[in-house]
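**Student:** Protein sequence lines, in the order shown, are assigned to chains L and F.
Take the position in the first sequence, starting the count at 1, then add 248; the result is the number in my numbering.
Take the position in the second sequence, starting the count at 1, then add 248; the result is the number in my numbering.
Source of the hints: derived by calculation from the structure; they are not laboratory data.
Incorrect hints may have been included.
[Stated by the list, open to error] Listed next, the in silico DSSO-like pairs over lysine-lysine satisfying Cα-Cα at most 30 Å (straight line):
| # | chain 1 | residue 1 | chain 2 | residue 2 |
| --- | --- | --- | --- | --- |
| 1 | F | LYS268 | L | LYS289 |
| 2 | L | LYS289 | F | LYS259 |
| 3 | F | LYS259 | F | LYS289 |
| 4 | L | LYS259 | L | LYS289 |
| 5 | F | LYS259 | L | LYS268 |
| 6 | F | LYS289 | L | LYS268 |
| 7 | F | LYS289 | L | LYS289 |
| 8 | F | LYS268 | L | LYS259 |
| 9 | F | LYS289 | L | LYS259 |
| 10 | F | LYS268 | L | LYS268 |
| 11 | F | LYS289 | F | LYS268 |
| 12 | F | LYS259 | L | LYS259 |
| 13 | L | LYS289 | L | LYS268 |
2 protein chains.
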Amino acid sequence: MPTIVVDVMPKAELLDPQGKAVTGAFARLGVDAFSGVRIGKRFELTVEGEVSDEVLAEASRVAAEVLSNSVIEDVVGIEVVE
Amino acid sequence: MPTIVVDVMPKAELLDPQGKAVTGAFARLGVDAFSGVRIGKRFELTVEGEVSDEVLAEASRVAAEVLSNSVIEDVVGIEVVE
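Input sequences plus hints: build the corresponding full structure.
**Tutor:** Structure below.
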């Protein structure tokens, strides 16, 4: 079955406390390859049948209105897989 | 600066209560294009400089050992962007 993946990240200008916590954990663990971590969400929407233009438009709409909070988050990707 | 994106999803055989809640919200809102929703995490790791094989190997290691809980989650993707 096709799946639409929607990626949502905290806005770049906002602090991301979860990401900061992981960055701190990396420092304590001696992991120095990464200078920063930001943590967002990945939604997998299962589609029965075909991914038509209407279904994609509906995915864009729910990504903006239901799956993300536009005050603090950006939808960074909408992609069909499989 | 290059970024390594790590995608982590709840294992397929586990219930995903957050995803179920969104599926229920879709039903109440009259959104019928999607038969299911699963919610995972998207990590963006910032790399200073070049993404060498060592850095990618380190990303795989922290994805498995730090960013995910292998009892309940799968790392479904590790990808370099930019």
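**Student:** Does L/LYS259 sit within 30 Å of F/LYS259, going by the straight-line distance between their CA atoms?
**Tutor:** 28 Å, holds
**Student:** CA of F/LYS268 to CA of L/LYS259, is that 30 Å or under?
**Tutor:** At roughly 26 Å apart (the allowed maximum being 30 Å), L/LYS259 and F/LYS268 satisfy the hint.
**Student:** Below or equal to 30 Å on CA atoms is what counts here, so check F/LYS289 against L/LYS289.
**Tutor:** Since the Cα atoms of F/LYS289 and L/LYS289 sit roughly 4 Å apart, the hinted pair holds (cutoff 30 Å).
**Student:** Would the pair F/LYS268 and L/LYS289 pass a check requiring their Cα atoms to be no farther apart than 30 Å?
**Tutor:** Roughly 15 Å separates the two Cα atoms, so the pair holds.
**Student:** Given the hinted pair F/LYS259 and F/LYS289, is their Cα-Cα distance within 30 Å?
**Tutor:** Since the Cα atoms of F/LYS259 and F/LYS289 sit roughly 12 Å apart, the hinted pair holds (cutoff 30 Å).
**Student:** Tell me if the straight-line CA distance from L/LYS259 to L/LYS289 falls inside 30 Å.
**Tutor:** 12 Å, holds
**Student:** Taking 30 Å as the top limit, are the C-alpha atoms of F/LYS289 and L/LYS268 close enough?
**Tutor:** Holds, at roughly 15 Å.
**Student:** CA of F/LYS289 to CA of L/LYS259, is that 30 Å or under?
**Tutor:** 15 Å, holds
**Student:** Assess, step by step, whether the Cα of F/LYS289 is no farther than 30 Å from the Cα of F/LYS268, and give holds or violated.
**Tutor:** With Cα atoms ~16 Å apart, F/LYS289 and F/LYS268 stay inside 30 Å; holds.
**Student:** Are the Cα atoms of F/LYS268 and L/LYS268 separated by 30 Å or less?
**Tutor:** 29 Å, holds
**Student:** Next pair to validate is L/LYS289 with L/LYS268; report whether the Cα-Cα distance is within 30 Å.
**Tutor:** It holds: about 16 Å lies between the C-alpha atoms, which stays within 30 Å.
**Student:** Going straight from one Cα to the other, do L/LYS289 and F/LYS259 come out at no more than 30 Å?
**Tutor:** Between L/LYS289 and F/LYS259 the Cα gap is close to 15 Å, so the pair holds against 30 Å.
Checked against the numbered hints listed earlier, the structure breaks none of them; every hint is satisfied.
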